[in-house]
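Engineer: Next come the chains, spelled out residue by residue.
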Amino acid sequence: MISRDLKSRLMVALCYALLALALVPLLSILYTVISKGLPALSLDFFLKTPVPVGEAGGGIGHAILGTLLLILMASAIGVPLGLAMGILLSEYPKRKTARALRTVVEVLSSVPSIVVGLFAYAVIVKPMKGFSAHAGAVALAIVMVPMIARSSEEMLKLVPTSVREAGLALGLPRWKVILKIVVGGSIGSLIVSVLLAVARIAGETAPLLFTAFGSQRWFQGLNQPIASLPVTIYNYAISPYEDWHEKAWGGALVLIVLVVGLNLFVRMMWTKRRSTRS
Amino acid sequence: MNSLREVHRPDVSFRWILMICAWVAFLLLTGFFIFLFDLGFPALRDLGFNLLTLEWNPPLKVFGMVSFIYGTLLTSLLALFIATPVSVASAVVLSELAPGKLAKALGFLVEMLAAIPSIVYGLWGLFFLVPILRETVMPFVQKFVGFLPIFGGPIYGVSVFSAAVILAIMVIPTITAVCREIFANIPQVQRDGMLALGATRFEMIQVAVLDSSRSGIFGAMVLGLGRALGETMAVTMLIGNRSELDFSWFAPGQTMASAMASEVAEASGTHLAALGMVGFVLLLISALVFYSTKWALKGSGR
Amino acid sequence: MNSKNLLVTKGLKAFVADFEILHGIDLAVGEREVVALIGPSGCGKSTFLRCLNRLHEETEGAHVEGSVVLEGIELYDRKSDPVALRRRIGMVFQKPNPFPSMSVFDNVAAGIVLQGVKNKSVLQEAVERSLRQAALWDEVKDYLDRPGTSLSGGQQQRLCIARALTVKPPVLLMDEPTSALDPISTAKIEELVAHLKEQMTIVVVTHNMQQASRISDRTAFFLYGNVVEYGATREVFTTPKNRKTEEYITGRFG
Numbered sequence: 001m002i003s004r005d006l007k008s009r010l011m012v013a014l015c016y017a018l019l020a021l022a023l024v025p026l027l028s029i030l031y032t033v034i035s036k037g038l039p040a041l042s043l044d045f046f047l048k049t050p051v052p053v054g055e056a057g058g059g060i061g062h063a064i065l066g067t068l069l070l071i072l073m074a075s076a077i078g079v080p081l082g083l084a085m086g087i088l089l090s091e092y093p094k095r096k097t098a099r100a101l102r103t104v105v106e107v108l109s110s111v112p113s114i115v116v117g118l119f120a121y122a123v124i125v126k127p128m129k130g131f132s133a134h135a136g137a138v139a140l141a142i143v144m145v146p147m148i149a150r151s152s153e154e155m156l157k158l159v160p161t162s163v164r165e166a167g168l169a170l171g172l173p174r175w176k177v178i179l180k181i182v183v184g185g186s187i188g189s190l191i192v193s194v195l196l197a198v199a200r201i202a203g204e205t206a207p208l209l210f211t212a213f214g215s216q217r218w219f220q221g222l223n224q225p226i227a228s229l230p231v232t233i234y235n236y237a238i239s240p241y242e243d244w245h246e247k248a249w250g251g252a253l254v255l256i257v258l259v260v261g262l263n264l265f266v267r268m269m270w271t272k273r274r275s276t277r278s
Numbered sequence: 001m002n003s004l005r006e007v008h009r010p011d012v013s014f015r016w017i018l019m020i021c022a023w024v025a026f027l028l029l030t031g032f033f034i035f036l037f038d039l040g041f042p043a044l045r046d047l048g049f050n051l052l053t054l055e056w057n058p059p060l061k062v063f064g065m066v067s068f069i070y071g072t073l074l075t076s077l078l079a080l081f082i083a084t085p086v087s088v089a090s091a092v093v094l095s096e097l098a099p100g101k102l103a104k105a106l107g108f109l110v111e112m113l114a115a116i117p118s119i120v121y122g123l124w125g126l127f128f129l130v131p132i133l134r135e136t137v138m139p140f141v142q143k144f145v146g147f148l149p150i151f152g153g154p155i156y157g158v159s160v161f162s163a164a165v166i167l168a169i170m171v172i173p174t175i176t177a178v179c180r181e182i183f184a185n186i187p188q189v190q191r192d193g194m195l196a197l198g199a200t201r202f203e204m205i206q207v208a209v210l211d212s213s214r215s216g217i218f219g220a221m222v223l224g225l226g227r228a229l230g231e232t233m234a235v236t237m238l239i240g241n242r243s244e245l246d247f248s249w250f251a252p253g254q255t256m257a258s259a260m261a262s263e264v265a266e267a268s269g270t271h272l273a274a275l276g277m278v279g280f281v282l283l284l285i286s287a288l289v290f291y292s293t294k295w296a297l298k299g300s301g302r
Numbered sequence: 001m002n003s004k005n006l007l008v009t010k011g012l013k014a015f016v017a018d019f020e021i022l023h024g025i026d027l028a029v030g031e032r033e034v035v036a037l038i039g040p041s042g043c044g045k046s047t048f049l050r051c052l053n054r055l056h057e058e059t060e061g062a063h064v065e066g067s068v069v070l071e072g073i074e075l076y077d078r079k080s081d082p083v084a085l086r087r088r089i090g091m092v093f094q095k096p097n098p099f100p101s102m103s104v105f106d107n108v109a110a111g112i113v114l115q116g117v118k119n120k121s122v123l124q125e126a127v128e129r130s131l132r133q134a135a136l137w138d139e140v141k142d143y144l145d146r147p148g149t150s151l152s153g154g155q156q157q158r159l160c161i162a163r164a165l166t167v168k169p170p171v172l173l174m175d176e177p178t179s180a181l182d183p184i185s186t187a188k189i190e191e192l193v194a195h196l197k198e199q200m201t202i203v204v205v206t207h208n209m210q211q212a213s214r215i216s217d218r219t220a221f222f223l224y225g226n227v228v229e230y231g232a233t234r235e236v237f238t239t240p241k242n243r244k245t246e247e248y249i250t251g252r253f254g
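Chains as they are written, first to last, in our numbering: chain A, 1 to 278; chain B, 1 to 302; chain C, 1 to 254.
One chain only, chain A, in its complex shape:
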């Protein structure tokens, strides 16, 4: 009897130990990024462009700005498309188009992001004969769309059917019921799904490697290569220079603050909404 009990306790302890092991990298990453990244941060870091190797100073302001621009452009394409798909999936679930779309969206979200980058390369970079902000934004938008479509569908499905019927019973046309009552009533949760997608593409590197490419300068135009935070971190990290490594850590800290911050914000918003509802 005792040995059975002991075995049970040991196994339970083992499970806890393995979970702890899984969380070690998280804590280690956060610690390393903060401790190595903080010293790299300065006003110049945010406001300047790189200086030649060997010279002191300089920053990666161009990359931070580039990432913000790319996010903005990708969202301009990806958010409306993704939301429209989410609405179709949740409001017309039995239509043939919606059924097919469900599978297509799932397949799209399983496509590796490097392949998305290669696609944007084939469709935009190659014919236009050059890396460009356009291509990067399109690649990021493609990563975004299936994410938003799936999560917004789930958010909209939380609205009970009877609310839609109440709208129809008031003599409102369906499109108004959908836009003003269903979508309008879910604005908070739809913002959540958009922000989660933004957090995801903010850190995406692979789709940008050979689309937006990278740059050492401030924004040069939409048909020119553009720097981004993740690609800059990558290039700096694999370089042999100590100073660049330091800047890579600084960049990683900025990125982590952005991504984890967005996730935390979304989570807080979400739990707050939940608690006020029930």
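Note that these hints are calculated values from the structure, not bench results. Hints may be right or wrong, so weigh each one.
[What the hints assert, rightly or not] In silico contact screen, one side only, chain C against chain A (beta carbon under 8 Å); selected entries:
hint : residue
1    : E57
2    : H63
3    : E65
4    : V69
5    : A84
6    : K95
7    : S101
8    : V117
[Said to hold, decoys possible] When the alpha-carbon atoms are kept at most 25 Å apart in a straight line, the in silico DSS-like pairs for lysine-lysine are as follows:
hint : chain 1 : residue 1 : chain 2 : residue 2
9    : C       : K95       : A       : K180
10   : A       : K96       : B       : K294
11   : A       : K157      : B       : K298
12   : A       : K180      : C       : K4
13   : A       : K94       : B       : K294
14   : C       : K13       : A       : K94
A virtual CB, placed ideally from N, CA and C, is assigned to each residue, including glycine.
On the provided structure of chain A, position chains B and C as indicated by the hints.
Structural biologist: Okay, now just chains B and C, sitting in the frame of chain A:
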């Protein structure tokens, strides 16, 4: 069938707008296959079956992608091998063992693990994980089982093994999340029944939870495999990017994704086309894995 | 009891896919009367109600055959517009369903705001009138900007009634409006029905036989998609003509 249904004009236009957006998704998916095949076609035309050889040497115009496929499969499977026990145990803690609040907090941390961008994993892996593996883990392993070819050869640090370790860390949240969902769908009576029979806590978990979700756990692994196959940045930074087949796991290697990441920007001509073909094959493999996931998770209550 | 039939159905059949739920219902509802629809679950009474404002056809794969005439106009005519007719027929649902993240005020005003009414004073007037009609004004007049979902269940249901009244429909359909409510809230709603019938026609589906006998002028007994008996409530409950009706109302059914 007399439907008598009067349709509102704005309603129809609204639906059409949504439909058109849906068509963008259909076009996108077909576009993936068409454009990547088109990008890679010159390589297929010029090289044919030579694409399926071991050697990849751009200066010599030799483009065999088998070592990449091998690298992708090896790193992913190794990662699954490491990640699965950890993930299943984590899911057991989160859904069966930890009390409500603790489970919530721990679950949140696991989800944060999924939110960290791949590039940050790569950076941390390169400057923190790789030194540990190079100085401690790999010499230790080599001391005992170095006679095995998979653990032999000089130690570089960056290697197939390092890439697999970082991949394992990265797929843990995915597999854990799916397992949690599957465990949550197990009816409580199943657990109560075991406990009523006098089973210990772990015996209950073993029989009522783990045994009954075997197919679901397998599905979670396939889903994790899908993630691992396409993972790019962290792998590219840790694998060493050497396009030569080496049977030692401690030697540098290359995956399909890392080959694209490190070479496409500077490639042209047949080299670019060959990389396009690599992308096309990766697309096919991930589509295949997607359907296997669907199939594996079907009926496991997800 | 009634001078004029306001709402008349003839041979009304309802389907979901190929399954026929209603087998041709003939029913006439008079002006300013309350008609209760009773019967066991699955007998089609709710479906019948949803045919009256053409809500049934919004279900995927559902369609309707036969005729419903409101104020002399055929609702299932090719030319008639379901959206417009629904403004003439309000509906209250089984569970209170206020519009999420809309305030009490916005909920009540929704029906006319989304039709384009923007004038503030008109809206305020309409909202107050509806809330008073729904006997909710005194309870919520200081909380008009709170979310509708923050009210109690009974208040939410009266809010939904107020919302339906804003559009000023001559007919109000109620689908088991009190089944999700406590006895006190139920009493309030029943009281409300007694008031509202002075101004409008009400068709109410209910599972509660006492409720039917308390609030309705006429009662229709539905069984397996047919109307077995339809007549003055007092007669249906005291001297039912049909054996099945008697069995049902005395609780010996089944």
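Engineer: If a hint holds in the structure, say so; if it doesn't, say that too.
Structural biologist: Against the structure, the hints come out as follows:
A distance limit of 8 Å between C-beta atoms decides the matter here; for E57/C the minimum to chain A is near 10 Å, and the interface restraint is violated. Using the Cβ-Cβ criterion of 8 Å, the hint placing H63/C at the interface with chain A is not satisfied: the shortest such distance is roughly 14 Å. With a cut of 8 Å, the hint placing E65/C at the interface with chain A is violated, because the nearest CB-to-CB distance is about 21 Å. Given the 8 Å rule on beta carbons, the hint for V69/C is violated: about 18 Å separates it from the nearest Cβ of chain A.
The beta carbon of A84/C comes within 7 Å of a beta carbon in chain A, closer than 8 Å, and the hint placing it at the interface holds. Because the smallest distance between the Cβ of K95/C and any Cβ of chain A comes to about 6 Å, under 8 Å, the interface hint for this residue holds. Hint status for S101/C: holds, given a least beta-carbon distance of 5 Å to chain A, under 8 Å. The beta carbon of V117/C comes no nearer than 13 Å to any beta carbon in chain A, farther than 8 Å, and the hint placing it at the interface is violated.
A distance of roughly 21 Å separates the Cα atoms of K95/C and K180/A; the hinted pair therefore holds under the 25 Å criterion. With a C-alpha separation of about 20 Å, the suggested pair K96/A and K294/B falls inside the 25 Å cut-off, and the hint holds. Of the supplied pair hints, the one linking K157/A and K298/B holds, its CA atoms being roughly 22 Å apart against a limit of 25 Å. Note on K180/A and K4/C: the hinted pairing is violated, with a Cα-Cα distance of about 38 Å set against a maximum of 25 Å.
With a C-alpha separation of about 20 Å, the suggested pairing of K94/A with K294/B holds against the 25 Å cut-off. Straight-line distance between C-alpha atoms of K13/C and K94/A comes to about 23 Å, which keeps the hinted pair within the 25 Å bound.
Hint violations for this structure: numbers 1, 2, 3, 4, 8, 12, all remaining hints satisfied.
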